[in-house]
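Residue strings, one per chain:
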Amino acid sequence: MKAVVTVLGKDNVGILAKVSCACAERNLNILEVTQSVLQDLFAMIMLVEFDKDKAPSFEELNKDFDELGEKIGTKIHIMHEDIFNSMHKI
Amino acid sequence: MLETKDILETINMIDNEHLDVRTVTMGISLLDCIDPDIDKACENVYNKICRYAAELVPTVEAISREYGIPIINKRIAVTPISMIAAVCQDKDPIKFAYALDRAAETLGVNFIGGYSALVQKGFSAGDYALIESIPRALAETSHVCSSVNIGSTKAGINMDAVKMMGRIVKEAAELTKDNNCAGASKLVVFCNAPEDNPFMAGAFHGVGEADCVINVGVSGPGVVRAALAKIDDKEDLSYVADVVKKTAFKITRMGQLVAQEASKRLCVPFGIVDLSLAPTPAVGDSVAHILEEMGLEICGCHGTTAALALLNDAVKKGGVMASSHVGGLSGAFIPVSEDAGMIAAAEQDAIDITKLEAMTAVCSVGLDMIVVPGDTPAEVISAIIADEAAIGMVNTKTTAVRLIPAVGKKDDECLDFGGLFGYSPIMKLRKGSPKIFIERGGRIPAPLQALKN
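Those protein sequences? They're chains A and B, same order as listed. Using this note's numbering, the first residue of the first sequence is number 1, and each one after it goes up by one. Using this note's numbering, the first residue of the second sequence is number 1, and each one after it goes up by one.
Only chain A is shown next, with the shape it has when bound in the complex:
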């Protein structure tokens, strides 16, 4: 299944590295990355793909990313990609 990881917060050294490292450790394959820095605000969006059986559950992923986000001063969400498809595509 595919999910969208969004990282929002203050720009800092190594955000991309830390988040992608966390993805790799949990068997999340990164398909696409876009990032923008507007003044100090950092916004990174990753599309990741993973096998439900080989990766942790959404509950654990949410918890892990919440902790990581807190550590690096950003807010990280991981959400099933269908939520965006259904809201923004007809």
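It should be emphasised that the hints constitute simulated quantities derived from the structure, not laboratory data. Honestly, I wouldn't trust all of these hints.
As the list claims (entries may be wrong) - Simulated DEER-style distance windows between Cβ atoms:
hint : chain 1 : residue 1 : chain 2 : residue 2 : range
1    : B       : 229       : A       : 89        : 39 to 47 Å
2    : B       : 40        : A       : 30        : 56 to 64 Å
3    : B       : 210       : A       : 59        : 28 to 36 Å
We put the CB at the ideal spot given by N, CA and C, even for glycine.
Knowing the structure of chain A, use the given hints to seat chain B on it.
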């Protein structure tokens, strides 16, 4: 690939604008639980609800985590209990309320609706006893919600039931006067009650429904208000309506996705999505503030009814294309105590009962969560119910009354229910007595609008 701005828009709606799915409600038919032995019937009711809804809460919570959407309430609606209790005559139907409450407790749902009777044209076996037991049922249980349908466009208004409900609403408040009269906040009196409404306190599972269905109620007043806040004061109202429609479409798509997913995982047919703007007392989640964002100084000033009509219509137009089945109440709710903007307007005397009554002619429900003086005579409450039912009957729409008489409180005090129910000052009512009119009883005949065949 998904657009960055779309992704950020969704995240912003959830994080900052209170976007959520308000309720996933499982409707369960209890018709096969009927038994002349009331204890056996109650056991059947408890067992069936617990069997069908065993996975409701964990499944919905899993969906919420996976999609990152807050799903606030998990609820159950059942067949009106008056039908189930009819065969157990001479027995106190309150035992069914205990069984429903116990099931809600076991399953972890916050409300269970359906301690209800449909008496729009007359009372049948079981209806009287059930209605009489409502105040006690609401006082002695925590999760049970009750509703009574006293009128419809097709049947007219059952004024005997209207007369009775004035007294019942008062009793419900009196029996819970030590708990902010909360009993009355769980009792809705309807005209044209929908049979697939997922919202409490008026949810019940209609007899024309399948054995079990999933209905979803969306929300999102904060998102609509935020979208309107971005547009210029000079834009005309066609544009305002367009912005509301586009926003309602997105909100409803999310509700549709949750409904389909819940239906698939629970192996229960998908019923409807209720396209409603349901406010909460949280700041930034108010329907009144949407109206103010359109250009009204305060909700309740002249122009409020027109602004609400525009909003209600645009929400439906935007939402209807986003869902395969739309139903329930669908529109903007205007509860007073559950809406920060309404509470502020009531505190400043900017809104009163007559303006609210006018607004109910163009919104999706009716006089909702309004705190009235504790010494209001029963016939006045009945007359308010009759007025509201007349609006619903003539306009072929659902109207409802949920009044809370503030028993034991002084006129300058307020009732604070806490949580999603909010708080409200006591609202003044009109002068003059409708006693003789209400005492007449009988039926108000169905209007010409009923003769459509």
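To see whether the hints hold, each was checked on the structure:
1. Separated by about 25 Å at the C-beta atoms, residue 229 of chain B and residue 89 of chain A break the suggested range of 39 to 47 Å.
2. The hinted window of 56 to 64 Å between residue 40 of chain B and residue 30 of chain A holds, with their beta carbons roughly 59 Å apart.
3. Judged by the Cβ atoms, the range 28 to 36 Å given for residue 210 of chain B and residue 59 of chain A holds: they are separated by roughly 31 Å.
Consistency with the previously given hints fails for number 1 only.
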